[in-house]
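Novice: Here are the chains, one letter per residue:
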Amino acid sequence: MLKNYIKIAWRNLYKNKAFSLIHILGLTIGITVCMMIFVYIMNEFSVDKFHAKGKRMYRVMRTFDELKEGVPYLSGPYATALLNDFPGDIKQAVRVQPNQGLISFGDKAFVEKKLYNADADFFSLFSFKLLKGNASSVLKDPSSIVLTETTAKKYFGSIDNAMGKVVTLDKQKQLKVTGIAQDVPANSHLNFDVVVPLSNYFNEDYFKVWINNGLFTYVLLDEHSDKAQLEKKFPQFMDKYMGKDMARFGAKFGLKLTALNDIYFEPASAFDNVKHGDKTVVYIFISIAVLIMLIACINFTNLSTIRAVERSKEVGLRKVLGALKNHLVLQFIGESMLLTIISCILSVVILIAAMPWYRELLGYNVSASWNSAPIYLFLAGVIVVIGFLAGSYPAFFLSAFSPIQALKGKLRLGKSGAFFRQSLVVVQFSISVLLIIGTIVIMKQMSFVKGKELGYDKEQAVIVQLDNNDIYNQMSVFKKELESNANIASVSLMSGEPGGFHDMHTFEAEGQHDKFKSRTEFADFQFVKTLGVKIVAGRDFSPQFTTDSTDAVLINQTAAKKLGFTPEQAIGKQIKNTIRDDKPRRVIGVVKDYNFLSLKENMDALIISPAMDRRVAVIKIKAGNIKNSLAVIKQVYSQVAPVYPFEYSFLDQKFDTTYKTDIRQQTMLAIFSGLAIFIACLGLFGLASFTAVKRTKEIGVRKVLGSSVPNILLLLSKDLLKPVAVATVIAIPLGYYFMHTWLQNFAYKTPLHWSIFLFAALITFGIALATVSFKSLNAALANPVKSLRSE
Amino acid sequence: MIKITNLEKFYRTEEVETIALNKLSMEVNTGEFVAIMGPSGCGKSTLLNILGMLDDPDNGSYVFNGVEIAHFNERKRADLRKHNIGFVFQSFNLIDELTVFENVELPLIYTGVSSADRVKRVEEVLDKMQIMHRRNHYPQQLSGGQQQRVAIARAVVNKPKLILADEPTGNLDSSNGNDVMELLTDLNEQGTTIIMVTHSEHDARYSHRIIRLLDGQTVMENIMV
Numbered sequence: 001m002l003k004n005y006i007k008i009a010w011r012n013l014y015k016n017k018a019f020s021l022i023h024i025l026g027l028t029i030g031i032t033v034c035m036m037i038f039v040y041i042m043n044e045f046s047v048d049k050f051h052a053k054g055k056r057m058y059r060v061m062r063t064f065d066e067l068k069e070g071v072p073y074l075s076g077p078y079a080t081a082l083l084n085d086f087p088g089d090i091k092q093a094v095r096v097q098p099n100q101g102l103i104s105f106g107d108k109a110f111v112e113k114k115l116y117n118a119d120a121d122f123f124s125l126f127s128f129k130l131l132k133g134n135a136s137s138v139l140k141d142p143s144s145i146v147l148t149e150t151t152a153k154k155y156f157g158s159i160d161n162a163m164g165k166v167v168t169l170d171k172q173k174q175l176k177v178t179g180i181a182q183d184v185p186a187n188s189h190l191n192f193d194v195v196v197p198l199s200n201y202f203n204e205d206y207f208k209v210w211i212n213n214g215l216f217t218y219v220l221l222d223e224h225s226d227k228a229q230l231e232k233k234f235p236q237f238m239d240k241y242m243g244k245d246m247a248r249f250g251a252k253f254g255l256k257l258t259a260l261n262d263i264y265f266e267p268a269s270a271f272d273n274v275k276h277g278d279k280t281v282v283y284i285f286i287s288i289a290v291l292i293m294l295i296a297c298i299n300f301t302n303l304s305t306i307r308a309v310e311r312s313k314e315v316g317l318r319k320v321l322g323a324l325k326n327h328l329v330l331q332f333i334g335e336s337m338l339l340t341i342i343s344c345i346l347s348v349v350i351l352i353a354a355m356p357w358y359r360e361l362l363g364y365n366v367s368a369s370w371n372s373a374p375i376y377l378f379l380a381g382v383i384v385v386i387g388f389l390a391g392s393y394p395a396f397f398l399s400a401f402s403p404i405q406a407l408k409g410k411l412r413l414g415k416s417g418a419f420f421r422q423s424l425v426v427v428q429f430s431i432s433v434l435l436i437i438g439t440i441v442i443m444k445q446m447s448f449v450k451g452k453e454l455g456y457d458k459e460q461a462v463i464v465q466l467d468n469n470d471i472y473n474q475m476s477v478f479k480k481e482l483e484s485n486a487n488i489a490s491v492s493l494m495s496g497e498p499g500g501f502h503d504m505h506t507f508e509a510e511g512q513h514d515k516f517k518s519r520t521e522f523a524d525f526q527f528v529k530t531l532g533v534k535i536v537a538g539r540d541f542s543p544q545f546t547t548d549s550t551d552a553v554l555i556n557q558t559a560a561k562k563l564g565f566t567p568e569q570a571i572g573k574q575i576k577n578t579i580r581d582d583k584p585r586r587v588i589g590v591v592k593d594y595n596f597l598s599l600k601e602n603m604d605a606l607i608i609s610p611a612m613d614r615r616v617a618v619i620k621i622k623a624g625n626i627k628n629s630l631a632v633i634k635q636v637y638s639q640v641a642p643v644y645p646f647e648y649s650f651l652d653q654k655f656d657t658t659y660k661t662d663i664r665q666q667t668m669l670a671i672f673s674g675l676a677i678f679i680a681c682l683g684l685f686g687l688a689s690f691t692a693v694k695r696t697k698e699i700g701v702r703k704v705l706g707s708s709v710p711n712i713l714l715l716l717s718k719d720l721l722k723p724v725a726v727a728t729v730i731a732i733p734l735g736y737y738f739m740h741t742w743l744q745n746f747a748y749k750t751p752l753h754w755s756i757f758l759f760a761a762l763i764t765f766g767i768a769l770a771t772v773s774f775k776s777l778n779a780a781l782a783n784p785v786k787s788l789r790s791e
Numbered sequence: 001m002i003k004i005t006n007l008e009k010f011y012r013t014e015e016v017e018t019i020a021l022n023k024l025s026m027e028v029n030t031g032e033f034v035a036i037m038g039p040s041g042c043g044k045s046t047l048l049n050i051l052g053m054l055d056d057p058d059n060g061s062y063v064f065n066g067v068e069i070a071h072f073n074e075r076k077r078a079d080l081r082k083h084n085i086g087f088v089f090q091s092f093n094l095i096d097e098l099t100v101f102e103n104v105e106l107p108l109i110y111t112g113v114s115s116a117d118r119v120k121r122v123e124e125v126l127d128k129m130q131i132m133h134r135r136n137h138y139p140q141q142l143s144g145g146q147q148q149r150v151a152i153a154r155a156v157v158n159k160p161k162l163i164l165a166d167e168p169t170g171n172l173d174s175s176n177g178n179d180v181m182e183l184l185t186d187l188n189e190q191g192t193t194i195i196m197v198t199h200s201e202h203d204a205r206y207s208h209r210i211i212r213l214l215d216g217q218t219v220m221e222n223i224m225v
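From first to last, the protein sequence lines stand for chains A and B.
729 is the number that full-length UniProt numbering gives to position 729 of the first sequence; each next residue is one higher, with no gaps.
39 is the number that full-length UniProt numbering gives to position 39 of the second sequence; each next residue is one higher, with no gaps.
For reference, chain B alone in the conformation it holds in the complex (with noise of 0.2 Å):
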């Protein structure tokens, strides 16, 4: 699903230049649930951004289920990662003035799904998560893990091929933070491709594979069985 070759990225400032990714070069197949791990400063959030389509690189190949998108612009990029790609952040990125379902129907009004089958699928979907009786609570109305609940709802409504996770138990304690991760682990049993940053060695062992960076390189993979 994702092939990334001699990929580097430079961070300037009027008299430093650091290496983010220094010809980092990976491959994650479909269905596959990969953690990346290492320490401050590596580079771990650099490259789930560039993945993300959020950010470009300055150097190597970048090829999307068979396509090389490197060089894609911001529109077609933001059109790609619409439609295919899910986000979950540490800090649940929910927006403040929307309700719960709110919330999670803003990418499916982006993607243009008609009004009677957004309900549908949000309900669907919050159903799903076991938040349906928050669906009219505004976030700060909500407790941690069931606002990463929410961020995990809106990151899977629009039915990604792959979600994208930054330290998604970072902001939660260990029992809600566990609940997060099996809800992960069931998400990539029903065929859902999952890049996961993390620092906890806990969540990565929900993974298939865990690569380890350092100073914008992989210094290891570990494959868990």
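One chain only, chain A, in its complex shape (with noise of 0.2 Å):
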């Protein structure tokens, strides 16, 4: 029996070929979606599940008044200090302190961004895999180094060749290479090229200062401990080793234990740098995924219908040869299994067809786990719930009818029927129109966002890290000549760039009672030109007083504001950074608010004051010729620097890398919704058909009695349209809250102006008809007689 009906499902796929390519492409434009949305987020939540002692590993965060979520930065003593005050409850900590270095050998020299300087344990702890020696000792002697695959085969053309040699740190430490790593895989937080054995710095003075912040700090509880109570522990703990510091500072730090499977998904931030996810992203794809999934199956169940229709006397028959109901049950939910079973295939090979082009648009790794169960047990679920779900209704639908009317063909899918048609359709479009809305308004938020006036000069601006020993030591060599090239129209050394680091110190203000917090930027007298920043009220930092670089800060509006000031009135005003100056500062000068900070945050108060840190320089070239000014910035930048490659950015770039994720989501978004309103369309396609064949008796009629092509196209289209025009009703406000609820994430957004959703209907509308009009147009253009003789 079961041979009979795959028989018979396969020679009516055949039979009917245009019919069961849109049938089959729909479903499978629906897996392929969801099958790369599943990829994504098992790829998204494997991170750092690798580690075998994960489940116990913590990573210590230090909290700060209002930054309550913490910091991941503790300073060195930390480790040494948790162990030792809780033996029975942390049984391992491993510092990790990311940075960067050259690396030479012979000739050659590399510059290493992804370099951690970590604890012997640092493998041991991790399950990150050694394919050379021995995990517990590889970082043992301070003079080893561990080299990951590629870096290995980048040095010395292979691992084994790798082994054993002698490279140099920053030009000073001598390593030997004691062990390769595998390359740390995408689904990790952590992610390093280089690990050099932090006891390296053990006896170097900022390592031994609790204040001090720039380590990772992980810990490995005792199966038996409890985290909660450990926190509670933590205040205690504080109070002896930073309480001196903290009524010093006038800030309270505490700690607290982040779970090492959450920190992926903790919020990324300026404080954070290593890779975080956005549950939100994940979320928002788990949506379309579940909208393009129903679209599909609504689409599957509604074309299923239709055919099992045309299929009225071959149900009838084997009713009358003796099928009972739950066989041909059986039969159509077969079927459907069998067309899920071919999309499902189709799918996977569009899927590993596509793979690299998906991994771009993501923009990192992912990667189709094919060996391990959970692929296949969506699979499986895939074709056992759309097989059965989108196969059950035509299925029950057809087995109800008596087998006398089936047999004569005159099955007619009711009232009630229609209506249950009409409402899937419905959906279908709200989704496809919500969809649309949802695209536009990204899209619109994001060239806003882009054309927003951000209150800085961000053209023709060059960024340089001064993120070595070479040009750090001579960076005011490297201002001054670039200074006296006529290319370039100023240079400012400062913390960091608009969009960079601003990192948040506390305060003692005249006329406030508590401390102030406030961003801070440290800057030289050149930074006002150099990013064009306008001052409201009083002056720049200015050379001619010689008292400006100890006694003097710009502040900005909101500062200004905050301390409850006028920019006016904030002129001459005492203000002390309790962390870095031991004297207050007076505000000189207040600036126009200018976005210092991605455009998600809101506006915050700003000190800029020249005392030293300086870690990246701005460099404002003249307009002209770009080419000639960075080979000019090139060439002083090899004379102060000469082993370092010279790298840079421009400062308008740094925008689209704030905004990266976003623009990946506004591209993803644009081409689901653009694949779900195909879809939608398929089904309406089907549909057209399925009412042109229906009504071919009535047109025929009609056009006897004198109804013209046009008045046909009319009458066919309207009915069909409908269900289109009460999804967009639907979609209309619905659309409105989600993306309402969207802008919130941004400080700046755009109006959610009518035309937006006015648009979303047009275009909705315009691809409905013309897919419907198609399929009208030839019933309406067809030969009467030949319609009449049909029936």
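Because the hints were derived from the structure by calculation, they are not lab data.
Here the structure is a predicted model, which means the values were calculated and not measured.
Treat the hints with care, as some may be off.
Computed list of lysine-lysine pairs in BS3-like fashion (alpha-carbon distance at most 27 Å, straight line) [to be verified]:
id	chain 1	residue 1	chain 2	residue 2
1	B	LYS23	A	LYS313
2	B	LYS161	A	LYS313
3	A	LYS313	B	LYS76
4	A	LYS153	A	LYS275
To spell it out: a stretch of chain A is covered by chain B in this simulated footprint if at least three of its residues, at any positions, have a beta carbon under 8 Å from a beta carbon of chain B; those stretches are [claimed, not checked]:
id	stretch
5	2–10
6	738–744
Quick list of the computed label-pair ranges, beta carbon to beta carbon [to be verified]:
id	chain 1	residue 1	chain 2	residue 2	range
7	B	LEU214	A	LEU705	51 to 59 Å
8	A	PRO733	B	ARG12	43 to 51 Å
9	B	PHE10	A	LEU714	38 to 46 Å
10	B	ARG12	A	LEU734	40 to 48 Å
11	A	GLN405	B	GLU182	28 to 36 Å
12	B	THR5	A	SER708	52 to 60 Å
13	A	LEU714	B	ARG12	31 to 39 Å
Where a beta carbon is used, it is the ideal one built from N, C-alpha and C, also for glycine.
Reconstruct the complex from the two isolated chains, following the hints.
Specialist: Here it is, written out as structure tokens:
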């Protein structure tokens, strides 16, 4: 019997090729999109899961008054003190210091941006696999170094060749390659190319100072230890070691633990530079997958029903010949599963083919794990659930008919059936309109943000990081040389470019009872000029005033406002950085607010001080020949830091980097909503064909009675487009609600103008109309004699 | 074999009630060949559907082989039907997607005959109907006469006691029509009871007895000699 069913199913597919194509194509696209999203989500949730001791591992976070979520950077002494004070709870503590360095050997030199200084236990706490070397001893000797496979091959051609070789770090330390680690998988929040023993720095002064920060500290808790209980003991611990510092800086520091598996989904910030995922994006993607699958399922059901009606004779006959209801139900569900299986196979093929493109779109290296169970479970689930769900409506619908009616081919899809099918179309198009609205709003928001007046001049500004000893030590030479060149307009050395690093510090301000928290910028006197920031009150830093570097600060409008002053009132007020300065500085000027943070964040108070902390050089070049100017900068750079490769970026590119994820989301959403409406239209096309066939006689009679082609076109299209219209009406308020919520992520929002919704409705209608007219026109143009004879 | 008494069947639409069978009573004995005639709308097809257990009466009694079945549910009727009754239709009603062999095989599948037995029995009956050479063709590749042979083959493959034929020659030319009537006569002579609905006086003459219906009632019975 099964053979018979499969045979019939297959022959039916083959007979109505166009229809089968629509049927299978819609489902295949749906399954492919779902699999892509499934692969992505599996990758997101697999981050850091490969660490064998992961369930007991935590990253220690330092909280700081308002920064309740904490920052992961601690200083050197914490790990030792934690091990010492909580021997029953903390079994292992490993510090990881993200760094960069120059690795040289022979005549070769490489700048490594992903260099970790780590405790000797690094490879025994984390399960990063070593291809060479022993996890417990590989970092024991301070003069050892571990390379990843790719790095080893880059240096020495092969991993065997690399073992035992001696390299020089930052032109000072001789290190011997003692181990080769497998390349860090994409699903790890930590990411390194080189690991150097942290013990090299134990004797450095900065390493011993509690208040410093710069290291991640990971701890392994005892099996019987409880995180919450342990955290309760931390305030006492902090008082013991940090009490004096806290009193001095007027800040309250605390500690808390973040489970290793939760680190990835913590919000990314300038204070936490490890790889982070975004749960919102994950949820958006899951919703899209569900919605697209829903559209595909509805299509499948509608098309199956239509198809089944065309087979009413077969159904009737089978009943006459003794088939029971369950035989027929099984047959139709089976057929639907067969179609689903075909779609699944096609989807797998498409997925494999589209993987490189998909990786590029996502921006990281996802891989479908074909050798693990979840993906097969997923596919099996798809076959059972969709095959069953989409197959069961036509199955039960058809098998309930009386054999006589079925045999006469007089199966009428009743009123309630029509209502049901139209409701399904409404759902499909509501989703499509919703996705289109989402896409338009996201695109508008991106262009709004791009076009926003940022309050500083981002054009023709080159950023060079002061990230190695040579450039750092010679930064004033670098700056002077550049300033003397005719191609360069100005140069400013600062702690963070707009969109970059702006640490939060505590201040004592005149007229303020409480300590005042503000973002900080440490910059030289050319800061205002180079970035084109406007002064709204007072004056800029000036070398004419010899005390400016020690006594003056600039603040932004928001800072003035938070302190309760107008810009004019703020001038001359005393303000003291409790962490950096011994004595107060005077506010000499107020700058107009400029977007030094991402546009997702609200404007914050900023205090610009000439105190020393230089991390980047922003070089404003003169309009004209960018190439020449870059050549000049490169030449000066190579004079002061000869071994290091010259790397630069443009300030206006910084924007694209900051919004990379949003731009990706926008692209993906656009693609997915395009696919969604395509699938929905496939279904509409199927329905249109069905309607045209079903109403052939009516059209014939109408034409004989004198109806014109446009009249008939209108008649057919009107009915088909009604659900699309209802869908639009439903989707618009929903779209407004969802997008309004999404925009709350941004501090600066594009208005949700009514034209967006009108546009979305027009797109949907246009596409739906085009789909429907194609079939309706065919029907309307047919010769009425032919259509009447067919009855 | 068949005894119906005071059989009634109504068709209702929202506003009109049509009486299809009006207290109809009749008997058909085992081995008989009965023709049912009458104008369009007289209730012939309704009667055939009820006799074939595809439809149930609203009132009255239907005794098949000594068993009252008027109150049987669908499952029981289907079971009784597939073992006892074969159908031949005016428009053949073959499944287009199945070959000749597969069409004839279908009733055997639903009665649970083993695969080997099915092949044997289908080949036997195709041979008898002289369409063995067409076994791998699809219905649309056959002439009308050949299609009706396949339909008859399908009707008899289960060795039913009763064959219900609904205008079996209606879509055929006279020569093919005669062939079909000869086939039915042969089957009847081998012991199969046949009830045939027809418009054709010519075809009706093959039967033993003609029952004439008008407005859902028997108006006349002719015994053929």
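Novice: Take the hints in turn and mark each one as holding or not.
Specialist: To see whether the hints hold, each was checked on the structure:
1. Restraint check for LYS23 of chain B and LYS313 of chain A: not satisfied, since their Cα atoms lie roughly 31 Å apart, outside the 27 Å limit.
2. Proximity of LYS161 of chain B to LYS313 of chain A is assessed by CA-CA distance (about 25 Å); at most 27 Å being required, the pair is judged to hold.
3. With a C-alpha separation of about 22 Å, the suggested pair LYS313 of chain A and LYS76 of chain B falls inside the 27 Å cut-off, and the hint holds.
4. With a C-alpha separation of about 25 Å, the suggested pair LYS153 of chain A and LYS275 of chain A falls inside the 27 Å cut-off, and the hint holds.
5. Three residues within the 8 Å Cβ limit are the bar, and the stretch 2–10 of chain A against chain B gives 3, so the coverage statement holds.
6. Here the stretch 738–744 of chain A counts 0 residues with a CB under 8 Å from a CB of chain B, which misses the bar of 3, and the coverage is violated.
7. The beta-carbon spacing between LEU214 of chain B and LEU705 of chain A, approximately 36 Å, falls outside the hinted interval of 51 to 59 Å.
8. At about 45 Å, the beta-carbon gap between PRO733 of chain A and ARG12 of chain B stays in the expected band of 43 to 51 Å.
9. Range check, PHE10 of chain B to LEU714 of chain A: Cβ separation about 41 Å, and the 38 to 46 Å hint holds.
10. Evaluation of the 40 to 48 Å hint for ARG12 of chain B and LEU734 of chain A yields a pass: the beta carbon distance comes to about 44 Å.
11. In this structure the hint that GLN405 of chain A and GLU182 of chain B lie 28 to 36 Å apart at CB holds, the actual value being about 33 Å.
12. Remark: the range hint 52 to 60 Å for THR5 of chain B to SER708 of chain A is upheld by a beta-carbon distance near 58 Å.
13. For the pair LEU714 of chain A and ARG12 of chain B, the beta carbons lie near 36 Å from each other, so the given range of 31 to 39 Å is met.
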